[in-house]
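Sequence lines, in order, name chains U and S. Quick note on our numbering: the first sequence kicks off at 1 and runs consecutively. Quick note on our numbering: the second sequence kicks off at 71 and runs consecutively.
To be clear, the hints were calculated from the coordinates, so they are not data collected in a lab. The model shown is predicted, which means the values in this text are computed figures rather than measured ones. Backbone N, C-alpha and C fix where the C-beta goes; we use that ideal spot for every residue, glycine too. One or more of the hints may lead you astray.
Said to hold, decoys possible - Only part of the chain U face toward chain S is listed, based on derived beta-carbon distances under 7 Å:
1. Tyr-4
2. Ile-5
3. Ala-10
4. Val-12
5. Ala-14
6. Val-18
7. Tyr-19
8. Ala-21
9. Ser-22
10. Leu-23
11. Ser-25
12. Arg-26
13. Glu-27
14. Leu-34
Unchecked claim - Quick list of the computed label-pair ranges, beta carbon to beta carbon:
15. Gly-180(S) with Thr-15(U): 41 to 51 Å
16. Ser-2(U) with Val-228(S): 28 to 38 Å
17. Glu-6(U) with Asp-211(S): 43 to 53 Å
18. Gly-260(S) with Arg-32(U): 43 to 53 Å
19. Arg-28(U) with Leu-98(S): 24 to 34 Å
20. Ser-22(U) with Gln-293(S): 35 to 45 Å
21. Gly-35(U) with Arg-241(S): 19 to 29 Å
22. Arg-32(U) with Phe-99(S): 34 to 44 Å
23. Arg-143(S) with Glu-6(U): 13 to 23 Å
24. Arg-26(U) with Leu-87(S): 26 to 36 Å
25. Gly-298(S) with Met-1(U): 45 to 55 Å
26. Gly-35(U) with Arg-75(S): 17 to 27 Å
27. Val-18(U) with Glu-295(S): 18 to 28 Å
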Amino acid sequence: MSPYIEAGYAVVLATLGVYAASLASRERSARRRLGTKASPPAARPAQLERQLLDGAGDGAPGADDLEAGA
Amino acid sequence: MPSLRSRLVTLVGWLALVGVIATVWLGLFVTPDAVGFPDGLVRLLYVHPPMAWVAFVAYGMAFLSSLLYLWPRTRDMRFDRLAGASAEVGVVFTGLTLVTGSLWGRPTWGVWWTWDPLLTTTALLFVLYLGYLALRRVPGDPEAVAGRSAIAALIAFVDVPVVYFSVSWWRSLHQAPTVDFTGRHLYVHGSMAWTMLLGFVSFTLAYAWMTARRYRLASLAVQQEDEGLAHAIAERRAEGRVLV
């Protein structure tokens with residue numbers, strides 16, 4: 001068999017294999033990062049919100065302040 | 071328990087894998103050599119045209135998604151993410167089209183590369199979509215980035231029909247397309263035709279799987295950014311509370 005054919009098939013399979021593997025591994029790591037980071041902010045704003053509603057946190061900058069560049 | 075969509079993507083992935091393995095096996099070991107092709111080079115036809123086809127499908131999807139994003143009634147960031155995902159996969163397949171074409175050109179034409187209209191317009195297509203992907207990475211307001219990227223995708227797509235019809239419009243070193251989509255004619259027969267057809271289907275399924283995974287990755291990145299912002303707001307509020 002011609003080496004050009006072998007090279008053609010090898011390049012196609014290797015490239016697609018590496019790309020597919022990179023997609024799967026990037027997705028796994030993104031999910032992991034999201035999983036570890038997701039719990040504290042998801043819990044904390046609710047807790048803070050309760051504290052703010054209790055009146056303990058008056059004067060604390062909120063989301064609007066951050067967006068306004070405060 | 072995985073969602074129906076997730077299970078469908080997994081199924082498409084497995085079908086693509088089985089199809090690609092079958093295409094390689096049939097293409098390398100089962101199909102006969104064709105008269106007029108030295109050293110069995112015809113076997114490259116089972117991968118080279120499907121690569122080009124998938125690139126066209128990918129850019130077609132990017133074009134359609136960009137159009138839907140730009141249309142005020144259907145404007146949604148999901149279309150922007152789909153366009154980006156599809157274009158990225160398209161660039162991978164265009165790169166493979168150029169490499170396999172070059173591997174075909176060296177033994178048949180005696181050169182790795184020539185400034186033939188088809189080759190040149192395909193290389194231009196590759197560069198145009200690389201530019202599109204680079205444009206998507208330019209920082210800015212997400213909606214502004216999505217808007218200018220959608221316009222760029224529409225402009226880049228103009229080259230797709232030029233690539234396909236270049237062999238008919240200009241005198242080209244490249245032979246006419248093996249599959250004539252306009253006349254619905256296939257210029258190969260028997261096991262060669264079935265293998266080529268399997269190649270088209272399998273690599274299209276591979277494209278669908280890759281685009282779905284790339285889209286999911288883009289969605290996770292957005293989710294991560296949102297989480298990061300929520301985290302920063304929570305910290306800022308906590309800091310404010312401490313100061314008070």
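Structure-based check of all given hints:
1. With a cut of 7 Å, the hint placing Tyr-4(U) at the interface with chain S holds, because the nearest CB-to-CB distance is about 5 Å.
2. At a threshold of 7 Å, the smallest CB-CB gap from Ile-5(U) to chain S is about 5 Å, leaving the interface hint in force.
3. Interface restraint check: Ala-10(U) against chain S, minimum CB-CB distance 10 Å, threshold 7 Å, status violated.
4. Interface hint status for Val-12(U): upheld, as the beta-carbon distance to the closest one in chain S is roughly 5 Å, under 7 Å.
5. Because the beta carbon of Ala-14(U) sits about 10 Å from the nearest beta carbon in chain S, more than 7 Å, this interface hint is broken.
6. About 10 Å separates the beta-carbon of Val-18(U) from the nearest beta-carbon of chain S, more than 7 Å, and the hint is not met.
7. Using the Cβ-Cβ criterion of 7 Å, the hint placing Tyr-19(U) at the interface with chain S is satisfied: the shortest such distance is roughly 6 Å.
8. Hint on Ala-21(U) is violated. Least Cβ distance to chain S is approximately 11 Å, over the 7 Å limit.
9. For Ser-22(U), the interface hint is violated, the least distance from its beta-carbon to any beta-carbon of chain S being 10 Å, above 7 Å.
10. For Leu-23(U), the interface hint holds, since its Cβ comes within 7 Å of a Cβ in chain S; the closest pair sits about 4 Å apart.
11. Annotation: Ser-25(U) was flagged as interfacial toward chain S, and the flag is violated, the nearest CB pair being 10 Å apart, outside 7 Å.
12. With a least beta-carbon distance of about 6 Å to chain S, the hint placing Arg-26(U) at the interface is held under the 7 Å criterion.
13. Evaluation of the Glu-27(U) hint against chain S yields a held restraint, the C-beta minimum of about 5 Å falling below 7 Å.
14. The interface hint given for Leu-34(U) holds, since its Cβ lies 6 Å from the closest Cβ of chain S, which is under the 7 Å cut-off.
15. Range check, Gly-180(S) to Thr-15(U): Cβ separation about 25 Å, and the 41 to 51 Å hint is violated.
16. The beta-carbon spacing between Ser-2(U) and Val-228(S), approximately 36 Å, falls within the hinted interval of 28 to 38 Å.
17. The hinted range of 43 to 53 Å is satisfied by Glu-6(U) and Asp-211(S), whose Cβ atoms lie roughly 49 Å apart.
18. A hinted range of 43 to 53 Å for the beta carbons of Gly-260(S) and Arg-32(U) is consistent with their spacing of about 50 Å.
19. Judged by the Cβ atoms, the range 24 to 34 Å given for Arg-28(U) and Leu-98(S) holds: they are separated by roughly 33 Å.
20. For the hinted restraint 35 to 45 Å between Ser-22(U) and Gln-293(S), the CB-CB distance of approximately 20 Å leaves it violated.
21. Taken as a hint, the range 19 to 29 Å is violated for the pair Gly-35(U) and Arg-241(S), whose Cβ atoms sit roughly 58 Å apart.
22. With their beta carbons about 41 Å apart, Arg-32(U) and Phe-99(S) fall inside the hinted range of 34 to 44 Å.
23. A hinted range of 13 to 23 Å for the beta carbons of Arg-143(S) and Glu-6(U) is inconsistent with their spacing of about 51 Å.
24. Distance hint check for Arg-26(U) and Leu-87(S): the Cβ-Cβ separation is about 19 Å, which falls outside the suggested range of 26 to 36 Å.
25. Roughly 52 Å separates the CB atoms of Gly-298(S) and Met-1(U), a value that falls within the hinted 45 to 55 Å.
26. Distance hint for Gly-35(U) and Arg-75(S): a CB-CB separation of about 20 Å, consistent with the stated range 17 to 27 Å.
27. Take Val-18(U) and Glu-295(S): their Cβ atoms lie about 27 Å apart, and the range 18 to 28 Å holds.
Checked against the numbered hints given earlier, this structure breaks hints 3, 5, 6, 8, 9, 11, 15, 20, 21, 23 and 24; the rest are met.
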